[in-house]
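Undergrad: Sequence:
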Amino acid sequence: MEREELISLLAGQGPVTEACRQALEQGASFNIWDGLVPASNLAPTYRVREAITRDRGITTLGFAAAVETLHALGEQPVRIGRVTQLDPPYHFQLFLAADAASVLACIGVDQQHQVRRS
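Using my numbering, the first residue of the sequence shown is number 1, and each one after it goes up by one.
Think of the hints as simulated: they come from the structure by calculation, not from any bench.
Mixed in with the good hints, there may be bad ones.
Okay, the calculated beta carbon distance ranges per label pair [to be verified]:
1. Glu25 to Asp110: 18 to 24 Å
2. Ile58 to Glu18: 18 to 24 Å
3. Gln112 to Glu18: 18 to 24 Å
4. Gln26 to Gly74: 32 to 38 Å
5. Asn41 to Leu86: 27 to 33 Å
Glycine residues also receive a C-beta, built at the ideal position from the N, C-alpha and C atoms.
Build the full structure now, drawing on both the sequences and the hints.
TA: As structure tokens, this is what we get:
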């Protein structure tokens, strides 16, 4: 997938996708993987990750909504992607439709805690 295509898919979906789109427009790195995973396999993992980040006080965008979307998708296959912004450090986890024609959910996680730990 080309950068401009992904930017287009992220337009107008809400605060987390807007932040991800802006990161891409500013040159953030990204990757969309070829494999597909049933959403039902991802929902429990991301539910735990959401609880951990919340308990640690890590700032996130769209986490709870993305988990609920994954849960609601059931066995539907999804494609996973990521966008990594270095300044300020932020990680976006993307969940796309199997054909990569739409973004189903997006999670943003502040990575400042990683900088402080170093």
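Undergrad: Next step is simple, just say for each hint if it's right about the structure.
TA: Do the hints match the structure? See the list:
no.	hint	in the structure
1	Glu25 to Asp110: 18 to 24 Å	holds, 19 Å
2	Ile58 to Glu18: 18 to 24 Å	holds, 20 Å
3	Gln112 to Glu18: 18 to 24 Å	holds, 20 Å
4	Gln26 to Gly74: 32 to 38 Å	holds, 35 Å
5	Asn41 to Leu86: 27 to 33 Å	holds, 30 Å
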